[in-house]
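Given chain A, put chain B in place with the hints provided.
Residue strings, one per chain:
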Amino acid sequence: MNDFLKLYIQLLKYDRSLKKDGTSLREQDRDKYLKLLNYSVKLSDHVHWQQKNDYLNIMKSFVDLKIDGKQFVSQFNKLHVSNQEAVKILKTDLKQLNTFEPNPKSFGFTKWTSEIDLACDEFYPDFQPQDQVEFAFARDEENFRTFVANIIPEIQKYF
Amino acid sequence: MIKIQNQQNKPSEALKSALEIRGGDLGKGSSPGSRAKADARRNAKAGKYSSGSTVIPGADALVPQNTYCHYHQNAPLSCKPRVKLADGPFQGDGDNNQPPPENGNFDANQYKGGSSPFIDKFDYDNPNHTRENTDFSNKRRMNHSYDGHAEKCFGIKENRNKENLQKFEKNVRDYIESPETERINGSYRYETPAYHYKKPDEDLIVTVNATNNEYISVRNATDFQLEKLEIDGNLGYDSRPSVSLTLRLRGPKQ
Numbered sequence: 005m006n007d008f009l010k011l012y013i014q015l016l017k018y019d020r021s022l023k024k025d026g027t028s029l030r031e032q033d034r035d036k037y038l039k040l041l042n043y044s045v046k047l048s049d050h051v052h053w054q055q056k057n058d059y060l061n062i063m064k065s066f067v068d069l070k071i072d073g074k075q076f077v078s079q080f081n082k083l084h085v086s087n088q089e090a091v092k093i094l095k096t097d098l099k100q101l102n103t104f105e106p107n108p109k110s111f112g113f114t115k116w117t118s119e120i121d122l123a124c125d126e127f128y129p130d131f132q133p134q135d136q137v138e139f140a141f142a143r144d145e146e147n148f149r150t151f152v153a154n155i156i157p158e159i160q161k162y163f
Numbered sequence: 073m074i075k076i077q078n079q080q081n082k083p084s085e086a087l088k089s090a091l092e093i094r095g096g097d098l099g100k101g102s103s104p105g106s107r108a109k110a111d112a113r114r115n116a117k118a119g120k121y122s123s124g125s126t127v128i129p130g131a132d133a134l135v136p137q138n139t140y141c142h143y144h145q146n147a148p149l150s151c152k153p154r155v156k157l158a159d160g161p162f163q164g165d166g167d168n169n170q171p172p173p174e175n176g177n178f179d180a181n182q183y184k185g186g187s188s189p190f191i192d193k194f195d196y197d198n199p200n201h202t203r204e205n206t207d208f209s210n211k212r213r214m215n216h217s218y219d220g221h222a223e224k225c226f227g228i229k230e231n232r233n234k235e236n237l238q239k240f241e242k243n244v245r246d247y248i249e250s251p252e253t254e255r256i257n258g259s260y261r262y263e264t265p266a267y268h269y270k271k272p273d274e275d276l277i278v279t280v281n282a283t284n285n286e287y288i289s290v291r292n293a294t295d296f297q298l299e300k301l302e303i304d305g306n307l308g309y310d311s312r313p314s315v316s317l318t319l320r321l322r323g324p325k326q
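One line per chain: the protein sequences are A and B, in this order.
One point on numbering: in this note's numbering, the residue at position 126 of the first sequence is 130, and numbering is uninterrupted.
One point on numbering: in this note's numbering, the residue at position 217 of the second sequence is 289, and numbering is uninterrupted.
It is worth saying that the hints were derived from the structure and are not from the lab.
For glycine and all other residues, C-beta sits at the position ideal for the given N, C-alpha and C.
Among the hints, erroneous ones may be present.
Unchecked claim - Between beta-carbon pairs, the in silico distance windows are:
| id | chain 1 | residue 1 | chain 2 | residue 2 | range |
| --- | --- | --- | --- | --- | --- |
| 1 | B | K234 | A | K74 | 28 to 36 Å |
| 2 | B | T283 | A | I156 | 15 to 23 Å |
| 3 | B | E254 | A | D25 | 17 to 25 Å |
| 4 | A | Q160 | B | D197 | 42 to 50 Å |
Unchecked claim - Calculated cross-link-like contacts (lysine-lysine; reagent style DSS-like; alpha-carbon spacing at most 25 Å):
| id | chain 1 | residue 1 | chain 2 | residue 2 |
| --- | --- | --- | --- | --- |
| 5 | A | K74 | B | K271 |
| 6 | A | K23 | B | K271 |
| 7 | A | K56 | B | K234 |
| 8 | A | K92 | B | K224 |
| 9 | A | K46 | B | K229 |
| 10 | B | K271 | A | K17 |
| 11 | A | K74 | B | K234 |
| 12 | A | K92 | B | K234 |
Stated by the list, open to error - Examples of chain A residues toward chain B, derived with CB under 8 Å:
| id | residue |
| --- | --- |
| 13 | L38 |
| 14 | H50 |
| 15 | K82 |
| 16 | S86 |
| 17 | S118 |
| 18 | D121 |
| 19 | L122 |
| 20 | D125 |
Chain B with its partners taken away, still in its complex shape:
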């Protein structure tokens, strides 16, 4: 068994493609996919040795991993000597293409701050992304946000219902659209460009995803978060959770 790490939330495109090379090789519990099963059935009939999902005609013993890789340009990520599975435990300190962590989740000990990686690379001035057309349509997010922040941020103590949700949304909208409210172009957890709406001398912050103008959250920021926003334009550090994906190197069936 070889364990590699992958970001749980958003695997990089390169990783995704590597993982999708053979549905039977990787991911989703690493059970053989239909194609691999069909291969195995066909080759068993033909008397060929099967290494599970990889059939190497003429082979008569367990195919070692390096040989397996040798035969397949599109071999799993773990087989590629040039693929570095991990560099540092954090991603996004100005370089959003870093590989995911190697040893499980982020290592808080190695946290590095820094300015938002999107500042010079992202167009924050998309004319469609105005304050007025901030997208609050995600009901589940709004429900979650209401439960966590309606009282703390706006003093709405009543239970969540349609009417109160509308009231909550209106409060957030009014805050964003207030002429006193400033927009800070930055990022959220170094992962996505974000607009942070904030009034001077207030700790209330509304964060909106700048890639689609979708509301992310409203919160009473801590002094630490306010300082980071002021200096780096970033809320939270990059602590994208990661999970272990297991590459099962299948040998002959027992």
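So here's chain A without its partners, still in its complex pose:
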């Protein structure tokens, strides 16, 4: 078993035992809590990374104008949410974790998928330039497409 995974399981068990006593790792030991959080990110990286082809295909379809912003959001969310569900289950399933082998190549992958996830939320299909004052963080379709296009090279690094 991977070293970080051993540590993750140890910390997870420790956190669980603390919670039984009405406290938590976060309250008791912030450094260890941050480690636990970081390991969770790595697990998440691997799960999402396994679907990297799907992510890239959806992104390319959007950038190549094969699908519009709404379709992109719908397809991306579907993939992202299903991976998030898988992560949730994996993170607490000790049986699965015992046989899990995360690929170090995947580390950092969710930095980019998380950004797209946030940008999906900022995309207003009916956004007009005059809306900018009211919606400081909103994106129109062109803007959103460019944002996604800029992340494609980052995703490609994980292949």
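Relative to the frame of chain A, chain B by itself:
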């Protein structure tokens, strides 16, 4: 044609003022404004040469750009040798006054993280910005938020209508006002100070603009976002989109 970059969402004040020097010179499609047109008409009658929006009495040829700038203290941004149009592609890594990107949109390759730039500079304890008076009055934002998150965050599957919107808002309010919910003072995309409301061990996050206490979003955060919130207090990095503004240097009419 000279291309400069400007943030699409929020041009800096300095940039705004530079862009507004002459409505006819810049921005909004860079077509001549009424003042420039009036200048041109007047000067054509007077037999003076016009460089478009700039009239230089006595000039009898195309006015080179540097000369144009020389004559005008308030010349366009592109003319000012001391104005640095771009430094790094990202803004907001602790310095919110950095210029916008030079080459179009942000360069994801040069992303830098870091703690929220507002932590020591912004008063998060404004007594008017309580959890109870979080502003949900922006209907369009609420509609958008409902469509994207009502089901994922609160299991509200029904179509959006007035009643369901109220139900959604109540869910968000209850979450914010719950005694278990913690408030993280941080920022949103390094761009604005924000309150992030979160319960321990949950991934649900409600983000509120700390400058006006207006609701921004609710989401099931990813592990990456949760880690960043915990360490930096920031949600999302500064990827403010930018657009090219074209400065058209007009010469004599053909």
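Evaluated hints:
1. B/K234 x A/K74: 28 to 36 Å: violated (23 Å)
2. B/T283 x A/I156: 15 to 23 Å: violated (33 Å)
3. B/E254 x A/D25: 17 to 25 Å: holds (20 Å)
4. A/Q160 x B/D197: 42 to 50 Å: holds (45 Å)
5. A/K74 x B/K271: Violated. A/K74 to B/K271 sits at ~31 Å, over the 25 Å cutoff.
6. A/K23 x B/K271: Holds. A/K23 to B/K271 sits at ~15 Å (cutoff 25 Å).
7. A/K56 x B/K234: Cα-Cα ~39 Å, so violated.
8. A/K92 x B/K224: holds (14 Å)
9. A/K46 x B/K229: The hint is violated at about 32 Å.
10. B/K271 x A/K17: holds (21 Å)
11. A/K74 x B/K234: Holds: A/K74 and B/K234 sit about 23 Å apart, inside 25 Å.
12. A/K92 x B/K234: violated (33 Å)
13. L38: At about 7 Å, which falls below the 8 Å cut-off, the nearest Cβ of chain B leaves the hint on A/L38 intact, so it holds.
14. H50: Hint on A/H50: violated, closest Cβ of chain B at ~11 Å, above 8 Å.
15. K82: violated (11 Å)
16. S86: With Cβ-Cβ at 12 Å, over 8 Å, it is violated.
17. S118: For A/S118, the interface hint holds, since the closest Cβ of chain B sits about 4 Å away, which is under 8 Å.
18. D121: For A/D121, the interface hint holds, since the closest Cβ of chain B sits about 7 Å away, which is under 8 Å.
19. L122: holds (5 Å)
20. D125: holds (6 Å)
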